[in-house]
Every structure is written in C-alpha cells, then in structure tokens.
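Enquirer: Sequence:
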Amino acid sequence: MTTVAFTPGTEARFAVARHVADAVLFEGYVLYPYRASAAKNRLRWQFGVLVPPSWSAAAEEHDFQLTECLMEPRTGAELAVEVRFLCAQRRTVEELRRDGTFAPTGELRLPDRVLVAWDEGVEERVTLVVPVAELRGDGLALPFTRPAAEETEAVTDADGRVLGRLVRRREEISGTVRISAAELDGPYRVERLSVTVENTSAWTAEPDTDRHAALPYSLVATHTLLCLDGGAFLSMTDPAEWARGAVAACRNLHTWPVLAGEPGRDDLMLSSPIILEDHPAIAPESPGALYDATEIDEILALRTAALTDEEKREARGTDARAAAVIELADTMPPEVLERLHGAVRSLQSVTGTPKPAGNILEPETPWWDPGGDTGVDPGNDHVLVDGRAVRAGSRVVLRPRLRRTDAQDLFLAGRSALVEAVLHDVDGGVHIAVTVEDDPGADIRREQGRFLYFQPDEVEALEDM
1 MTTVAFTPGT
11 EARFAVARHV
21 ADAVLFEGYV
31 LYPYRASAAK
41 NRLRWQFGVL
51 VPPSWSAAAE
61 EHDFQLTECL
71 MEPRTGAELA
81 VEVRFLCAQR
91 RTVEELRRDG
101 TFAPTGELRL
111 PDRVLVAWDE
121 GVEERVTLVV
131 PVAELRGDGL
141 ALPFTRPAAE
151 ETEAVTDADG
161 RVLGRLVRRR
171 EEISGTVRIS
181 AAELDGPYRV
191 ERLSVTVENT
201 SAWTAEPDTD
211 RHAALPYSLV
221 ATHTLLCLDG
231 GAFLSMTDPA
241 EWARGAVAAC
251 RNLHTWPVLA
261 GEPGRDDLML
271 SSPIILEDHP
281 AIAPESPGAL
291 YDATEIDEIL
301 ALRTAALTDE
311 EKREARGTDA
321 RAAAVIELAD
331 TMPPEVLERL
341 HGAVRSLQSV
351 TGTPKPAGNI
361 LEPETPWWDP
371 GGDTGVDPGN
381 DHVLVDGRAV
391 RAGSRVVLRP
401 RLRRTDAQDL
411 FLAGRSALVE
421 AVLHDVDGGV
431 HIAVTVEDDP
441 GADIRREQGR
451 FLYFQPDEVE
461 ALEDM
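Under the numbering used here, the first residue of the sequence shown carries the number 1, and numbering increases by one thereafter.
No wet-lab data here; the hints were simulated from the structure. Glycine included, every Cβ here is placed at the ideal spot set by N, Cα and C. Errors might be hidden in some of the hints.
What the hints assert, rightly or not - Label pairs and their calculated CB-CB ranges: (1) P239 <-> T176: 25 to 35 Å; (2) A12 <-> A249: 26 to 36 Å; (3) V16 <-> R189: 24 to 34 Å; (4) A12 <-> S416: 54 to 64 Å; (5) T204 <-> I282: 37 to 47 Å; (6) E447 <-> G76: 37 to 47 Å; (7) E241 <-> T7: 42 to 52 Å; (8) E447 <-> A240: 45 to 55 Å.
With the hints as constraints, model all of the structure from the sequences given.
Expert: Rendered as structure tokens:
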C-alpha cells in the first residue's frame, strides 16, 4: 500500500473537514505577540506531538496515537485516510562576511523585518484509500519516511545586494499508520475501526537531551481524517442508546474522534488531539488564522494592531504566518473588526408565554435589550465620588483596591483616566467605564466599547466637567 491521491469526490469531502483540521494543525503555532523573542513562543508544539520512541521513554511523552470509532459501512465501501502533521524545520540566520563567507548571527535587521532563528512548521500528509473488507483481521500497516533535507535562501536588500542567508534543515522522520476493522456482535452491522499513528524514527536521545533536540524528529500536531464513500460513522460523543456500550468499549489514546463536516452528514470523522464537539466549525466572522483560538479573534486583532513598529518588524521576520497576521490586523476594515465583537446565533425568551391566570405578562422589551430600562442613561448618568459628580467626560485617578482586583488593574494604580460611561447593574451596583489617558489603543477601545471598569471607591475625581 502506498500513499495515493484522492478522487475529486473524496478530496471535496476532506476539504470540508480541513477548515477545522487546519486550526488543529496550527493551534499554538505562533502566539501573540507573534515574536520569536516572546516567552510563550519559546515553548511551542504542545498538541498532538508524537516524539521518537527513545525520547518517549525518557520524557514520558507519547510516540503514538490510537483512534477507535464505530462505523456502518455499506457492502463494497472504501475508507479514505489522511494523517496530517507538521515537521519542525529548524531555521538559522547567517550574515555575509567581508571575505565572502557566511557566519551564524543572532539576527539580521532589514527595513521591514528582523530575521531571527525559528522553527518553522512544514505540513506533511500520509494518505491511503482501502476497501473496508481488506481491513478485517490483521488489517494493514503503511510505513512512511520523510527524508532529511537542507536548503538556503538568500537575504537581500532593496537593491538586490546579498546581506546574508537563511539555512533550513529538516531531519529524517519515520512512522507507521496501522489500520484494522472488526465486526461487532449485535443486531446492527457495526464495525470498530482502529487507526494507530506511531513515530518510529531511529533517532536516539542522549541522557541529557532536551525536548528542543527531539522536536525535529517528532510528528507535530498529528491528527487523522477519515471518510467513507458508502456508509456512516457513529457519534462517539453522543451515540444512539443501542451503541453506548460499544462506544464505551472503544479505546482512544492521546486523541479523540468526532463527526466532521456539515451537520446532518456522517461520512467524515476527525480524530484530534484537541477535544472538539461533533461537527465543529470555524466562526464565520473569523477573518483569518490568528493561531490562538477563534473565540478571541477580536482581542488578538486589537492587540496586534497596537504593537509598536519595532515589534511588528520582529514579528514579520519571525515567520511568514506571523507576518500574515500583522498584515491582517493592519489592513482589517472596520466593518470586519466590528463583526468580531460578537454574534448572537439564537435567542429565546426566558419569560415564556403570557400567563393570564397569574397576571404575569411578557414585557414588550426583553431584559437584555438596552431599551428595556429607560431609567438609566450610561452616557449622562453620574455618581458622587467624595462629594463630586463623576460622569462621562470626567477625569479621574485610578486607585484599585486589593480586595477585589487583579494584577492588570494594579499596574494602572495612580494613572489618570477619562470616564466614558457610568453604568448600573441589576443588583444596584455602580461601575465606572474608563479609558486610560496616554493609552495608544484608547481610540480603538472607545470605538469598540471595550472599556476598563472600576467602582466608585476605586477612583479619585480630578475635576468636574
């Protein structure tokens, strides 16, 4: 059995699943602030890392994944399998000396970016298509190898003059995909599918070898896509009552399979090292990959836009994907950024239908609508602070209190701020929304309504407005 190309129909089905699978593949690939020098980007590759067997024994990390799920294949059905992972390609930077030779350097500074050493992720796939009937019994094993490689890329200035070069090195990686199927007893024709992905690289870890040395020989962010051309997979998360026992008997180690693709279809399965729900999907408001998680796209976009020019230069030189994030944040239209603020997928009233017998009628304006309470006006309401009225437009000094604050608030102690609104909550509490003066992101916060909040006894009035 060799790696094969899929038919157009199968490729189209896998393309649907890859929208989410790509997020799994690059989850945590590069984190805000997207610079190699950032502390959180010095410890990467946390999900689905299958290390060489010698390192697995030494560090208690895993060298395999096991997926077991249930399927109902039709007679003559074929199973398409795609295992995806990243190879950590080690990139170093060299500068051109006067004698024409190249020597390693910590960085190369260019007008638009700062190039530094970095581990790039190169996507790899192992694919096969096999009749389900051939998987019964011992099944099959598909060994694969990705050879070592080295390449260089010249670094030039605007005039084409060579300043240095990038050297990329990849180590040889070997693995095996093992697949088998077994028909289960019961009233329905159900089979348990087993897929094992293992790292078989021969690299040997020395006693003092660290994880950084093992990563170039590892399969990173490993996950598996499965597709039946005839038949269906069963949900492993919410199975039918008759299948619960068989689902409970399945073993899934270091990965978990969920139904993928459009809701209502069950021919696709994604086995991921990150726990997902059935039919996971990327939020339609997401403008592109930000590599942390789609539910925080707004704050990532705002913070990225607020990076200094020097920070953006280093991010652009860190990685091509990091450079794309900077470009995305810098060019995002206001209407796209506004969509990231949130979306309501569905609403239902919490007050129910009118109940004449109890004289309880549903209000015309629900409680969550700002127009539901005309007695409050955040833009004009005020609160007394030391006998002085504080309202939108007032200037205050922030005095956060230890008993009910966090580290971020404490950093702002003593800073002056502009009051944007005075708000009342349903419990009768009063909150003062502010933007910090001299904050370069204040205009963005104001436009998006993303303020900092303090209570009246946590501010000191500077002047009446």
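Enquirer: Taking the hints in turn, state whether each one holds.
Expert: Going down the list of hints, with the structure as the test:
1. P239 <-> T176: 25 to 35 Å: holds, 29 Å
2. A12 <-> A249: 26 to 36 Å: Between A12 and A249, where Cβ atoms are some 33 Å apart, the hint holds.
3. V16 <-> R189: 24 to 34 Å: 26 Å Cβ-Cβ, so the 24 to 34 Å window holds.
4. A12 <-> S416: 54 to 64 Å: holds, 58 Å
5. T204 <-> I282: 37 to 47 Å: Check passed, 40 Å falls within 37 to 47 Å.
6. E447 <-> G76: 37 to 47 Å: Cβ of E447 to Cβ of G76: about 59 Å, so the range 37 to 47 Å is violated.
7. E241 <-> T7: 42 to 52 Å: violated, 36 Å
8. E447 <-> A240: 45 to 55 Å: holds, 49 Å
Checked against the numbered hints given earlier, the structure breaks hints 6, 7 and satisfies all the rest.
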